[in-house]
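Peer 1: Quick note, the sequences are listed as chains Z and E, same order.
The numbers in this note's numbering rise by one with no breaks, and the one at position 117 of the first sequence is 1364.
The numbers in this note's numbering rise by one with no breaks, and the one at position 188 of the second sequence is 260.
Treat the hints with caution; some may be incorrect.
[Said to hold, decoys possible] Which stretches of chain E does chain Z cover? Using the computed rule of at least three CB atoms under 8 Å from a CB of chain Z, they are:
#1 110 to 119
#2 150 to 164
#3 216 to 223
Just so you know, these hints were derived from the structure itself, not from any lab.
All residues carry an ideal CB built from backbone N, CA and C; glycine is no exception.
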Amino acid sequence: MVRSQQIIDVFQRQGVTHAVGLTDNIQRTLFLALEGDPRIRLVTVCREGEAFGVAAGLWVGGARPVVLLQNTGFLEAGDALRGTAINMAVPLVMLIGFRGRRSLAPGAGRVDTAATFLEPTLRAWGVAYDTLAGPEDLPLLERAFAASERESRPRALLIPEALE
Amino acid sequence: MLRREDVVRRMLALRTEEVVVTTQGTVVPWGIISKHPRDFASHDSAMGHTADFALGLALARPDLRVWVFNGDGSLLMSLGTLVTIAAAAPPNLVHFVFDNGVYEVTGNQPVPGGGSLDYAGMARAAGTRCVFAFDDPADLAEALPEALRAEGPVFIALRVALEEQSAQSRRPDHPVPSLRMTLAEEAHRLRGELGGVRS
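Okay, chain E solo, but in the shape it has when bound:
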């Protein structure tokens, strides 16, 4: 079993200029350790639609790699997105799913089928070009660099241990910089960072 904190630290060590989109249980663990201007916390948004958002980013900016850290509960809300991503086939998108089997921020209630679902199998069946699944830290450490370089769309299922995390609210004094802004401010900031502001 993986620990989420170890996984995000490993990803941070491998991150260069990628756009990183987080949601649900990864917003705070990533936001505490990463202060990169290409981070985007999909928080106070629409649960289930973060991978859609990342797909749009990847299609708009084929010159950049886009990583999205999705949750299993979020993915289950929009499983069709696996097919949409596979059909759109962005070579620069890496879709991670942190599978802990529960809705963590509401108190760890199990997701339907929690703990027994094969997300990598679903991604493969949807037509995803490159699929990985990890539940062992040593395997992840060995294979992650290659997985991150693979031509996408890439899907990486991560079986992570159950933890506890309370619900977060955006507020001006939040320790995670992204959560000090409104979602609109964050979206417009990232658009400016990526050079998308029209004159």
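For reference, chain Z alone in the conformation it holds in the complex:
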């Protein structure tokens, strides 16, 4: 299980100044930890699409934002992502709570469509991604910052299990 503080440690090594987003059950502890962190400003939004506009403005203003949201909100935010971070070529790392991933396993029962559509949508929108399933995957988060900067594009880390 990944601890929220491990993610914040990566953020700090990468010079993250602002975390913009909307909480979910998977990243709940990360939001709580950021509320008490004086080094990274948490900006909460009412709907996930706003987060990409805010993050794009932060980056143009010289800050280094990350976006935190759930897959449901990511699906809702498509045009905002397209029209801001993608069209403005903003290097941006987003962490996406992968609600329902377990429901995709064979024989799991009712499938959560928020999980079904996430990866096909990421691929369709041209957003490269990795999965942050455990502490051993934390280097992927570090690499996402480097790759998004190099490519001047958004990249995503999917988080399938609730953070500790």
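Chain E: place on chain Z using the hints.
Peer 2: Here is chain E on its own, set in the frame of chain Z:
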């Protein structure tokens, strides 16, 4: 009732070093008269998210004032942004809404509730620190300088007359300099202008 062209000319006369973000119906009227390097045309972007973008700029650069010229149709697409801005409480953000009651660039179809919505009331209810509403040129002329100096977030609703404007495309020979670039080029240019390019 205000005329948009008069309003933007009045704003231009008061503008010093502010970052000015335009969208929809204000991109061309402002871009024709202002050639400032801190102008940003949020065009070919995501309708409804220009105020979000301006909020990000204001948070990143608390040493600068940021003005955003929003449209009523755009604001209606993301009304929650009023709450987001009020909660983030940037003292340096001034959010204008040009309320003409229609989607102008698609041929003046009415926005839902067009002509009867109280945008200033919405901003006030969302918790915006400082709210103004103008529909009279003389009132605007008298109060605008003070409104622009107020500690933000500031919200200014402007009831403007219906006009006609066709849809614009970014192209190399566009009379508005910002629209000669791609949105990415414009975003990276402004980042450089604001000194945000990392070494």
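Peer 1: If a hint holds in the structure, say so; if it doesn't, say that too.
Peer 2: A quick look at each hint next to the structure:
1. With 5 residues having a beta carbon nearer than 8 Å to a beta carbon of chain Z, the region 110 to 119 of chain E meets the requirement of three or more and the stated coverage holds.
2. Restraint check on the region 150 to 164 of chain E versus chain Z: 7 residues with Cβ-Cβ distances below 8 Å, three needed, restraint holds.
3. With 0 residues carrying a beta carbon less than 8 Å from a beta carbon of chain Z, the region 216 to 223 of chain E misses the three-residue requirement, and the given coverage is violated.
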